[in-house]
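Engineer: Once you've looked at the hints, dock chain P with the ligands against the given chain D.
Chain by chain, the residues:
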Amino acid sequence: MSARVVTVTSGKGGVGKTTLTANIASALASMGKKVVAIDADIGLRNLDVVMGLENRIVYDLVDIVEGRCRLRQAMIRDKRQPNLHLIPAAQTRDKMAVSPSDMILVCDQLRDEMDYIIIDSPAGIERGFRNAIAPADQVLVVTNPEISAIRDADRIIGLIEAEEKGPGRLIINRIKPEMVARGNMLSVEDILDVLAVSLIGVIPEDESILISTNQGLPVAMNGANGSIASQAFQNVALRLDGKEVPFLDLTPQTGLLNRFRSWIDGR
Amino acid sequence: MSWISRLLGNKENSSDVAKRRLQMVLVHDRSDVSPGLIAQIKDDIIEVIARRLAIDPEHVVVNLSQTARESRLVAEIPLLANQRQH
Ligand SMILES: Nc1ncnc2c1ncn2[C@@H]1O[C@H](COP(=O)(O)OP(=O)(O)O)[C@@H](O)[C@H]1O
Ligand SMILES: [Mg+2]
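Respectively, the protein sequence lines represent chains D and P. Sequential numbering from 31 applies to the first sequence in our numbering. Sequential numbering from 98 applies to the second sequence in our numbering.
Chain P with its partners taken away, still in its complex shape:
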């Protein structure tokens, strides 16, 4: 979708939605890692990191990403500004 359509407040096309969903599904199919397993890993990561650092667990994102060559697990873990209490 172009920036003009976004500016005009057009909704996302159904084909854009389809493509995004398809990409997600294929990443999991190809690596044989289920979305449920990713959710568990995410909980584990939050638990481990939170022992040492003040993090914002609501905004932790764990994703599989994939290129032709490799699959990788990508985690984004936002830290809270004030780390002193840990």
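For reference, chain D alone in the conformation it holds in the complex:
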């Protein structure tokens, strides 16, 4: 067994990297895979609260790297999903406390016992980003249907190629189908037209994500029968695992008037 290392990154902050890392990791675990999620956002620890494991932290990634603990001691096992683990980031240090080769070393130690290592990257294109992609076998680029986020995604896609970690795959998060239908939000097709990258997931805007983050219970833990976002996360996990899964139909349930309007608009 040798784990695949998957890094979730974006360039721009706040687009959903941490949410996706938690949910993809949980969805893979629910498929029976052995998974560890690593928070590489040193100094801005968040993956622990999104996964609901913040009360169980004793050691962190920097403790491992600086030899204050063994790797196993910093790895928290999720009691709700025994296949799922977390290595938290340090909260009071900065990105320079870890180097790209430290990350490669940590992942190499985990490869034998895991199926997937999912790394939550910080925003930006500096040290934290370099740390996060250094051990990656596959990089997932998260964007939102918004000019600034897509521009940053394009830059990241280029950097990933330059670092010979390409080709990255794209996740479009926070799509609002009604806004797309009204012509007020870039569609999945628009985004794929401008970015030279293959799509691995489309996640709709979904209130259940905030609710489940409040509770520290990733929506993907409910399995595919939960919300629409939870299904979308499961699908990303399946595609990552090499399965062919059709993309969810996110077109809004429209009334007659809207249907007439979209017919007029030629959509």
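Errors might be hidden in some of the hints.
BS3-like cross-link-like pairs, simulated, lysine-lysine; straight-line CA separation at most 30 Å [claimed, not checked]:
1) D:K195 / P:K116
2) P:K116 / D:K42
3) P:K108 / D:K206
4) P:K139 / D:K206
Rather than coming from a laboratory, the hints here were simulated on the basis of the structure. Since the model is a prediction, treat every value here as computed from it, not as a measurement.
Structural biologist: This is chain P with the ligands only, laid out in the frame that chain D set:
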């Protein structure tokens, strides 16, 4: 936007505007050529061509265009009908 919406005088969707702006921005980002540099090149081209030909400087268009494979600089330079004075 479809021809019917145009016929009905509908305004361009904000997503169409976003896409157009995004395409422009990405062309410049990817080639690392700024819009300011293009503007300078355009002025240079007008100056050089105008020495030999009567052109319509107001309608000269210089753009970067891009495909997956290559970037190219595209210039459109309308000539005036009467070239005799040059
Ligand atoms: N698909 C979505 N629908 C609704 N809210 C979302 C969605 N994705 C992310 N969010 C919210 O957006 C915010 C930023 O997400 P986060 O994962 O922390 O981004 P990042 O790690 O990229 O900074 C969070 O409050 C999160 O709950
Ligand atoms: Mg984050």
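Engineer: Does K195 of chain D pair with K116 of chain P here, judged by a C-alpha cut-off of 30 Å?
Structural biologist: holds (27 Å)
Engineer: Check whether the Cα positions of K116 of chain P and K42 of chain D lie no farther apart than 30 Å.
Structural biologist: holds (18 Å)
Engineer: Run the distance test for K139 of chain P versus K206 of chain D: straight-line Cα separation, threshold 30 Å.
Structural biologist: violated (41 Å)
Engineer: Has the given pair, K108 of chain P with K206 of chain D, been kept, meaning a C-alpha gap of at most 30 Å?
Structural biologist: holds (21 Å)
When the structure is compared with the earlier hints, a violation turns up for hint 4 alone.
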